[in-house]
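**Q** Each chain is listed here by its residues.
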Amino acid sequence: MCLAVPGKIVEIRGDDPVSRTGRVDFGGIVREVSLAYVPEARLGDYVIVHVGFALNILDQEEAAAVLSLFEETSASGTSGNSAQED
Amino acid sequence: MRFVEEYRDPHRVAELSKLIHKTTTRPWTIMEVCGGQTHAILKFGIDRLLPPEITLVHGPGCPVCVTPVSVIDAAVEIASRPDVIFCSFGDMLRVPGSNGDLFEARAAGADLRIVYSPLDALAVARSNPGRQVVFLAVGFETTAPANALAVFQASREGLNNFSILVSHVLVPPAMEAILSSPGNRIQAFLAPGHVCTVMGWHEYEPLSRRYNVPIVVTGFEPLDILQGIHMCILQLEQGRAEVENQYARAVRPSGNPQARRLINEIFEIVPQRWRGIGEIPSSGLGLRPAWRRFDAAERFRISPAAAASDADSECISGLILQGVRKPSECPAFATRCTPEHPLGATMVSSEGACAAYYRYRSHS
Ligand code: SF4
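Residue numbers (my numbering), protein chains in the order written: chain A, 25 to 110; chain B, 9 to 372.
Note that these hints are calculated values from the structure, not bench results.
Just so you have them, the derived chain A footprint on chain B, three or more residues with Cβ under 8 Å:
#	segment
1	10 to 20
2	124 to 132
3	254 to 268
Even glycine gets a Cβ: it sits at the ideal position worked out from N, Cα and C.
Okay, chain B solo, but in the shape it has when bound:
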């Protein structure tokens, strides 16, 4: 496949690994924010190609993992209504709520459909005018353009039976929360390439300056990730802290202006709760007042569940998502907690750090 295989070329990978060894003179800790990169790092064993001085820690960039318990509870409540067809990405079904998950709601009779895109949910609404169709709109900045367009299109077509349950998260405020925490040990970041295809990288410049950290916008193939790491190490070794772009084939400085314009028209920035972490100011998106008629929480009068705690009983995913612990340090890992019986959301999603460690490391 073009633009994939050539970035996995073993010869180039080995050369780049050698170069990283040569460049590194001191210990450095680098966080990859995005779960897609965590997955690639474990799948291709990229962490094993690095000198022992380099520690990679895994960040909070997995939307499935950070969706709060209260949102799962609201989803289960809405999906269980007989007048509703509930549409969701497949990887949300096994995320535990305080009282079961969507998978169990379906077993109990909910009309739940797995979709690949919010546009599929829109199509379901078009062909079922007598039913209410609700889409579980989760994700980072990468998914926001799709959800914004679904709402825009529903309005344009006058679809009164379509709404979205929104739980959107933003990357830069989460990075800031990590950087400003007292125990922070992250010295550089790989910024998520696909988020930046939408948003560009200007939002990262004040973060890099204020906290004096190198931030390198990075792609998802082994060569991309190794090069992103190398660019971080060069900056650290030279005492620089700038935003650089490794993923120039996909990311422009200002991202995708059309996408940003529509996101900004439909959504506004709101405080957002992150599962296992808690509330982070200005770290989410909610529908603007002019579009709230498409808000499923309002349509079905779901009160924000103050009661539901976002901590999964014995799960330490909050610490894992902030790079404080590794999955293998959790006592439940691969014993009481497995992808078949997940105790926390980081074991559910294929991009969750616990699931990636389980898949690629628990048998080695």
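In isolation and in its complexed conformation, chain A is listed as follows:
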């Protein structure tokens, strides 16, 4: 039940904020997902989905940052972004 996975919004239906849904593509498997908690979600966004609900939109810049950060990490010996900085 807990394995939330990222998928891409390929279609959005409805405009009532509570019942708005999207069709989300998980690497070929498409499911209908509630968008009630991501009112700002747009077509093409990647969302983390858990038990039929999109919980958040993936931040593409941060997503790339993890991959490159790691390269910097090897050089500088520090890692990650402190929560206090946000």
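Start from chain A and add chain B with the ligand according to the hints.
**A** Showing chain B with the ligand alone in chain A's frame:
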């Protein structure tokens, strides 16, 4: 698949493993709280990429594993009523109660439907106005937004035949229970990334300060987990104890405000029993009085079963869920207890530590 494969890149994984070896000078014990991470660690053999000084222990973050026996008994009792259609996630069916499981109730004639989302249960209620439809609402903070919205939507539509049997658990109080236990040996935590997409990380700051432990909000792919571990080790080696966020692509400091608002409107914080562990104060969610008409326990007058013990006879899952023992140390592991014939809930769920060890380690 985007946002998945690149975080499994073997080259980066190997580099990061090397870096962890270089950073580590002393023995450290780190707990991953979430069962999803336990599963990934065993599946990808992440523990085998770490220096011998680092011990990973598996935490209580598997909702299937910690659902109390009394809730399974109540579920079986309600599901067995002829006027009820009982809806549940599939992985709850084989969790043992004191007198059988939901799977057996179905074999005995209960109308039991496996659903993927509480919204599916709501749809069943809509199309069966003459029957009572009950959803087994278990889970951590990640599932609470879904269950809150199902109740909200049922109320909005005036659905009188829908209710939920609630057994919700919260992560920070469970971490506190582990940290404050006399034998605690956990020195740092990987906090569960998806719980934090909902809740954010502010709740972890007082824990980190009070117990002087690094807490790193961490994702679920191999690179995420290794980086989370590395961030923990850096803090430990440098004598720091802070909350850091490895999973910034999904987790914002305050989580998801809409989700938190609705959870807070529908649910209140209650004491909660954890299977194998016992009651932990303020560690669960129950429906607020204004929403109790959707509470299946009230609707069907199920009395809280004081009698049902939460200890499975010879099962040591309580010790496993608190990181005191490993599944392979249980005498029943892979002999009397297997996924086909589970003696405890940690063998039932794919995110349970016993099931993960059985799947990835019992043949090696
Ligand atoms: S192997 Fe089975 S009996 Fe032993 S702790 Fe795990 S679930 Fe319980």
